[in-house]
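With the hints as your guide, set chain G onto chain Z.
Quick mapping for you: the protein sequence lines, in order, are chains Z and G. For the first sequence, the positions run 1 to 415 when full-length UniProt numbering is used. For the second sequence, the positions run 1 to 415 when full-length UniProt numbering is used.
Treat the hints as calculated values from the structure; they're not laboratory data. Bear in mind the structure is a predicted one, so any value in this text is a computation, not a measurement. Hints are supplied without guarantee of correctness; some may be wrong.
Subject to a maximum C-alpha distance of 27 Å in a straight line, what follows is the list of computed DSSO-like cross-link-like pairs (lysine-lysine) [unchecked claim]:
1) Z:302 x Z:320
2) Z:352 x Z:401
3) G:214 x G:251
4) Z:272 x Z:401
5) Z:176 x G:176
6) G:176 x G:251
7) G:408 x G:251
8) G:171 x Z:176
9) Z:171 x G:176
10) G:106 x G:251
11) Z:302 x Z:272
12) Z:171 x G:171
One letter stands for each residue in the lines below.
2 protein chains.
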Amino acid sequence: MPDSIPSLPDWLSRGMADLFPAGDPSDADQALAARLAQAEKEGRPLRVKLGIDPTGSNIHLGHSILFRKLRAFQDGGHTAVLIIGDFTARIGDPTGKSATRVQLSKEQVAANASTYLRQLGQDQPKETALLDFETPGRLEVRYNSEWLEGMDLPAVIGLLGTGTVGQMLAKDDFSKRYGSGTPIALHEFLYPLLQGYDSVAVNADVELGGTDQKFNVAMGRDLQRHFNKGTQFGLLLPILVGLDGVQKMSKSLGNVVGLEEDPLSMYSKLEKVGDAAIDDYVTLLTDLDLASLPDNPREKQKAMALAVTASRHGIEAAQKAQSDAATLVGGSGDAGADVPEASLAEVNFPAKAFYLFSAVGICASSSEARRQIKGGAARLEGEKITDPNQEFTSAAELEGKVLQLGKKTFRRLVA
Amino acid sequence: MPDSIPSLPDWLSRGMADLFPAGDPSDADQALAARLAQAEKEGRPLRVKLGIDPTGSNIHLGHSILFRKLRAFQDGGHTAVLIIGDFTARIGDPTGKSATRVQLSKEQVAANASTYLRQLGQDQPKETALLDFETPGRLEVRYNSEWLEGMDLPAVIGLLGTGTVGQMLAKDDFSKRYGSGTPIALHEFLYPLLQGYDSVAVNADVELGGTDQKFNVAMGRDLQRHFNKGTQFGLLLPILVGLDGVQKMSKSLGNVVGLEEDPLSMYSKLEKVGDAAIDDYVTLLTDLDLASLPDNPREKQKAMALAVTASRHGIEAAQKAQSDAATLVGGSGDAGADVPEASLAEVNFPAKAFYLFSAVGICASSSEARRQIKGGAARLEGEKITDPNQEFTSAAELEGKVLQLGKKTFRRLVA
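Isolated chain Z (complex conformation):
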């Protein structure tokens, strides 16, 4: 009688966009469930790789879905292997043409890496941290300079020899660029191989990535086979759409929620997420059971926004943010709301409304402030300001009041 075919636990398959290979379910090299069963039998944790580029930006919720999955593996008893691409960040793009691959100094890279680790919860108890830094054996932080710095020319040639030009040009982005005549510098062909070699160096059982990483993750598996290592599975998660509900969440598109945003700002943004994106947000950013949530999209948004905010700031702060948001948007200011402060110290009085919004930094310029006020987006203590030239005579008149732009930006004015 054959062994029963193992299936994947929910914490693992939740939100998964792709898993490969997915072949013979009884073969630990072909089916992740079989690998899990094998590892359990051997009493060893799986090694789950996630690579990050220490190129400096703050982590936002779009990034966090991969860390959440990594954390799920940790909580399942496995070892997260977080690879910090310090070496590649230091090299950057030698042609200087890529804005995303700027050459960074050793110090910059170290500073960025430490910022990342702090955001991931390095100094926090595991209950509030994104990753579990506490439990022994659950986290390895590795820097790829460890194995790349000493790589010499014969090794690089050997690595290059494992791939072909046709294979690289079949890769989606290379294919498009080659097709459109946009130059591809030769070293760009090396990066997927170096990323793949990371899997060889750390003996990964699983690599996590976004769906846009399929090529590179598959490369890791190929290279492991080439170097006679056990091979990894690729577990891909969707790319989270941003607050606009359409495009990828990305700082440059201005549709992000930062991991470190204050509760009110985070909650306010999240409860406005487009209807089409709500289910993905629930699945990828919370542990809520989608089926048990209310059908009403507005209620679903609130439940999701509350859960996500609570996961970062605790349930009390999240609930306060929820009630503050309701109050502010509704129009009646509440002196207790947890709103960021803006100083009036540098404001010259008497001050006109358009000047005030730019002087405290809510608008980038006086002209933008005029436009916003005319557009009806400006409020003081929940009351709409309609005249850009409305005048305020002194700081005392404004102190303690909340200035609001649109539905998400609030500043409590302080002396």
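Leaving out everything else, chain G in the frame of chain Z:
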């Protein structure tokens, strides 16, 4: 009044197939004549690079045209920089797919390099040597392991970053292979860059190559510019056709004359070169003035064959080879001819003709010998042997006589 525009000396331009760049004649970076004039003014020799792969085969006349040009530069007072690609030969082709890029051991590479240098005349006076090893300052022998062995990953990435995929795929052989779906391993894109980097490392003013090397030689110039070095000129010579007068001279095509062949063999082969190839042979392999040679192709062949043989073996040996060849082909054996010897010691008598030809190593097998004899290609002392079973009773009967196969293979039989 502008300086007069310098022109290239005859020893340099003789036989040249391509020279690049060939721009502004007064610019030492754009015109080789101006570079020559500049170097002379500065009292420094030009550095003339030629790279060779120490992969083991003997040097033949096809190779020698590049060495002859290098020697011409030496005789013009310049420095030949002979680069032995020991590093790349040791790496070979890591995929093992290329028959021309076998991985060689350090010892094999060293042995091949020393064989090459011997053939180039390392132990000979400059009068008979192909290159001038004697005159101080005229020759630098460099091994590319000197600068490639220590090249680390950042340097390789920097090197790769100087080229683009489109540029590589425009290269003739890559273009054909990509077009026909024949895989191109990624490391193959690195080799032209490494060869180009050799020019950076040795500060070449000129690189010599066959016309099939234009891409790689141009790459050297590009890389020198990238590394803020003076840039080299590419001086390309034609690919010598083989004895068949049609295809490239190449060992695998069996149409070669080896640099170390004995005078009679060399002369005999050369005087049969196809009419269409004679002028190229004269231009590329001799210093003869083409215009002053007889028009009669047969006479021209003889003059060329004599000059080439003399350049390798001296005029006396060449003249003897010429007269021996005339005698042997004509049919009357001459005991004094300078013919290689074959020993009868291992031959069992009585011996039939077909057995004799294979036993002394003229034919690869008895069956081949039968076929050759039946085809009328076999002679003893100039007399055709027509019966494969013709019997010879003792070594004494044959000693001192010349056995001949076709028009080019001769063996003097010794006890």
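Verification of the supplied hints:
1. Z:302 x Z:320: 13 Å, holds
2. Z:352 x Z:401: 16 Å, holds
3. G:214 x G:251: Holds, at roughly 23 Å.
4. Z:272 x Z:401: With a Cα-Cα distance of about 24 Å, the restraint between residue 272 of chain Z and residue 401 of chain Z holds, given a limit of 27 Å.
5. Z:176 x G:176: 21 Å, holds
6. G:176 x G:251: 24 Å, holds
7. G:408 x G:251: 17 Å, holds
8. G:171 x Z:176: Holds, because 21 Å separates the two Cα atoms, which is no more than 27 Å.
9. Z:171 x G:176: 21 Å, holds
10. G:106 x G:251: It holds: about 24 Å lies between the C-alpha atoms, which stays within 27 Å.
11. Z:302 x Z:272: 9 Å, holds
12. Z:171 x G:171: Cα-Cα ~22 Å, so holds.
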